[in-house]
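> Kindly generate the complete structure, drawing on both the sequences and the hints.
Protein chains: 2
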Amino acid sequence: MSKEDIGITVSKKEDFSEWYTQVVLKAKLADYAPVKGLIVLRPDGYSIWESLRNTFDKKFASNGIRNGFLPILIPESLLGKEQKHFAGFNPEVFWVTHSGDNKIGDRLALRPTSETLAYTMYSKWIQSWRDLPLKMNFWNSALRAEIKATKPFLRTSEFLWQEGHTVHSTQEEAEEEVMKILEIYKKTIEEELAIPVTTGKKSEKEKFVGAVYTTTMESIMPDGKALQMGTSHFLGQNFSKPFEVKFADKDNVEHYAWQTSWGVSWRLIGAMIMIHGDDQGLVLPPKIAPIQVVIVPIYKNDEDKDKVLPKVKEIRKILESKEIRVHVDDRNELSPGYKFNDWELKGVPVRVEIGPKDIEKQSVVIAKRYNREKSSLDFTEIEKISTILDKIQTNMLKTASEQAKANTIDISDYTEFKSKIEKGGFFNAPWCGKVECEEKIKEETGADIRLIPFGSENTNEKCMYCQEQSISIPIFARGY
Amino acid sequence: MSKEDIGITVSKKEDFSEWYTQVVLKAKLADYAPVKGLIVLRPDGYSIWESLRNTFDKKFASNGIRNGFLPILIPESLLGKEQKHFAGFNPEVFWVTHSGDNKIGDRLALRPTSETLAYTMYSKWIQSWRDLPLKMNFWNSALRAEIKATKPFLRTSEFLWQEGHTVHSTQEEAEEEVMKILEIYKKTIEEELAIPVTTGKKSEKEKFVGAVYTTTMESIMPDGKALQMGTSHFLGQNFSKPFEVKFADKDNVEHYAWQTSWGVSWRLIGAMIMIHGDDQGLVLPPKIAPIQVVIVPIYKNDEDKDKVLPKVKEIRKILESKEIRVHVDDRNELSPGYKFNDWELKGVPVRVEIGPKDIEKQSVVIAKRYNREKSSLDFTEIEKISTILDKIQTNMLKTASEQAKANTIDISDYTEFKSKIEKGGFFNAPWCGKVECEEKIKEETGADIRLIPFGSENTNEKCMYCQEQSISIPIFARGY
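For the protein sequence lines, the chains are A and B, in the order given.
If you want my numbering, it's the 1-based position in the first sequence plus 5.
If you want my numbering, it's the 1-based position in the second sequence plus 5.
Hints are not guaranteed to be accurate.
Note that identical chains are pooled: a pair holds if it fits in a single copy or bridges any two copies.
Each computed DSS-like pair below joins lysine-lysine, with the alpha-carbon atoms no more than 27 angstroms apart [said to hold, decoys possible]:
#, residue 1, residue 2
1, 212, 153
2, 327, 64
3, 292, 64
4, 86, 108
5, 212, 445
6, 403, 255
7, 425, 63
8, 410, 108
9, 156, 327
10, 108, 156
11, 246, 33
12, 33, 305
13, 310, 255
14, 445, 423
15, 41, 129
16, 403, 185
Read the hints as simulated data drawn from the structure, not as lab findings.
Being a predicted model, the structure only gives us computed values, none of them experimental.
This is the structure in structure tokens:
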């Protein structure tokens, strides 16, 4: 093994950025593609994405949302139909200009997002109230050219995501859908990835280009920076008008429809790595771990081997019958110590060690990845590993929630804010609602309004910046 | 409802091409996107693709193949590394030349296939025999500019597919993998889509550019034309050499690895539509049908409604407990007759009709889509619908196999061949192995060698074209 295979060489605390990159690469989740800004997912990385996809799909389906496919190429003329939207994405669009040696007349954009294409189709498909609501979701990749240094899962020019697009006959129903989706997102991220999220609205300045308003989820990372975890937009009739998404109501009068769009991306995997990982490497929440339990048999000679291996087989069978994803590391040429490090690096939630002494004691050693605690478990109690996995999942969320809470500060004094923002964190600070103050704060501190938490509106305090009457208490933070 | 909603307006026999397009559009599987050559999948179309994906994923997984993600952009320099391969795809590549307003130095190709990109990564990931076999699969879309008229699922410039790429330490193991995959393909297509396929090798002229040889599956469509259903390639060391996919063997000597690649696309859905559809529209094999059973309650007044609906609920529950995908069509404003036609157009395998008279008789009417037969089923026997679905699946394959057999002809006389090829079909005809004969036949009849069936090699007959000693009996046909 070459040196760089051995493990993570920097600590999470000392060099967070380098630590993150090493975890991604050495745990074999992803790798850099030959083109700057692009990454490749290796099986363990993609498996986590598939697991999230399957969970979301179930929840979308039970909410009446069905999947479809949209092509990746969008003609420039179509993308330009909603002007603000176009202006927002234009600088980062990849343009196809040729097929073979032939020049293409109307340049083709690689999908930065599919509102314009989806709604062109919807306007054909929707004629009457009978066709509504129309609720579709698309699992695909979006492309937005990144000029800054590539950061796997966090800053890439192509990223995997889902984009949902729904159409409703009333404003009320559309706005309800926006919130239903945000709730599905929040629950899934907390339950599957063990990451707490705060939900609220984006400010006018930060909302999705083309939306009436954007709801968002934000999480705080260990370096004190905020990460946007997903957004759900109320589009009103901003797109239904230029794209003619109309329906005849029961009284046969034609109306423009009300729309929503929403998405989460593989950025969620990046957040999970940052939140849970440690100096030994990745730490995976059991629910999305490709391997939940790894069994490492320990023996030095054939006699021991013959004692240990049948028991390993037995334990494996019990765990599989409980639908636990289990792997037996029976590689011959490697020492148990090497294997322990290897699986810790890869973040497998539970390791089961079993050697000749354990056979004598009729028990195994259980090592939990997230807190690195070891304990022993009787052969008769192997099924309890199922409960252990559940507890790990719960505790990981609990720990992450405590961390997030400790990094969230109520503040009203701007000077204090300016000194504290250096260390990072979420700052609840009153704001007058004026974009000038928002911009000044950004300019002077690098922090922007991440979100205005639901229920924090209509306050009666003084804007942290201008001291005028506040209209809400947003969360200010520096962001990814 | 406008006229075009009412049903298929041409017969399958009289205008096969128009019939096909109408079925795709009216059964709402897919629609044309704004850019020529591109299509959009609607929920029912995508659901069939998801069903196939899930089946393949299970089979790939149990064969040790894991999924990953590759970006869509491949630099021109990389694509050009294997010269023949590049020359083969070059004319149909979409080129990205700009991101925003910036010109890109090394033009980027939209993935026509990912050999070059995957193997660049593999060469980094593979060091020793311990890293082999490396078996990965990628579900994505490929782009190859089509200049001919768009045909949904059959001829599109972007298509959904999976591409598998494996690396092995020995030639033997790689060749075995090629065949294992072909077998998975064949079984899945026959079992899930009820389409019989013939397997064999492509001729040198027709093989994948860059492969040592290509194995293929071909099916015969109702218009007598052949459709390639998927291919599995033995790449030998043709790519491992230029891309330096090397491994140190146990004795620490470095070797170039042996590789395979293979894929099936949404073209399989096109084949299914063509093979099974009829003048009423789509006919779906139960295994991949998004809805397997539709229940249509029949009533004219509230009194009947109150009798019928509770029973409908009950039946639905029984079917759902059998894991049957069931839908109740309780649309108020539509007549039962309209609903029958609607679900026939959409190809739902079984329709359950239930009205007040059926309640009296304690039975329901069952209408099977594939043969349009009606029968009655006692309330006590509702669970039998599960068996009925299985039988439908088996019978659909049987019927399709009989049709394929009837359209396959042994032939050795070229004059006879030339007259018969006009009507279409698969022709088993002896061939000397020379590309000149193959080209002449193509030129004069439009038919090419679709495949050389396994076991048809080493024959001792006379080439249909030149009368010289034959080396095999390929299947000649006109193709899609």
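> If a hint holds in the structure, say so; if it does not, say that too.
So, going through the hints one by one against the coordinates:
Taking CA atoms no more than 27 angstroms apart as the test, residue 212 paired with residue 153 passes inside one copy only; the shortest distance there is 22 angstroms, against 42 angstroms between copies. Taking CA atoms no more than 27 angstroms apart as the test, residue 327 paired with residue 64 passes in both settings, with 23 angstroms inside one copy and 22 angstroms between copies. When the C-alpha separation of residue 292 and residue 64 is checked against a cutoff of 27 angstroms, the pair qualifies both within a copy, at 16 angstroms, and between copies, at 23 angstroms. Proximity of residue 86 to residue 108 under the C-alpha cut-off of 27 angstroms is found in both arrangements, the shortest distances being 23 angstroms within a copy and 24 angstroms between copies.
Proximity of residue 212 to residue 445 under the C-alpha cut-off of 27 angstroms is restricted to the intra-copy arrangement: shortest distance 18 angstroms within a copy versus 64 angstroms between copies. In this assembly of identical chains, the alpha carbons of residue 403 and residue 255 never lie at most 27 angstroms apart, being 50 angstroms within a copy and 47 angstroms across copies at closest. For the identical chains of this complex, residue 425 and residue 63 are neighbours neither inside a copy (42 angstroms) nor across copies (52 angstroms), given an alpha-carbon limit of 27 angstroms. In the homo-oligomer, the alpha carbons of residue 410 and residue 108 never lie at most 27 angstroms apart, since the shortest distance is 56 angstroms inside one protomer and 46 angstroms across protomers.
Within a single copy, residue 156 and residue 327 get their C-alpha atoms no closer than 37 angstroms, and across copies no closer than 47 angstroms, so neither meets the 27 angstroms cut-off. Proximity of residue 108 and residue 156 under a CA criterion of 27 angstroms is satisfied inter-copy only: 23 angstroms between copies versus 34 angstroms inside one chain copy. Proximity of residue 246 and residue 33 under a CA criterion of 27 angstroms is satisfied inter-copy only: 25 angstroms between copies versus 47 angstroms inside one chain copy. In this assembly of identical chains, the alpha carbons of residue 33 and residue 305 never lie at most 27 angstroms apart, being 29 angstroms within a copy and 64 angstroms across copies at closest.
For the homomeric pair residue 310 and residue 255, the shortest alpha-carbon distance between copies (23 angstroms) is at most 27 angstroms, but the shortest distance inside one copy (75 angstroms) is not. For the homomeric pair residue 445 and residue 423, the shortest alpha-carbon distance inside one copy (12 angstroms) is at most 27 angstroms, but the shortest distance between copies (81 angstroms) is not. In this assembly of identical chains, residue 41 and residue 129 lie within 27 angstroms of each other by CA distance solely across copies; the values are 16 angstroms between and 39 angstroms within a copy. Taking the closest pair of Cα atoms, residue 403 and residue 185 come within 27 angstroms of each other only inside a single copy of the chain (24 angstroms); across copies the shortest separation is 47 angstroms, beyond that limit.
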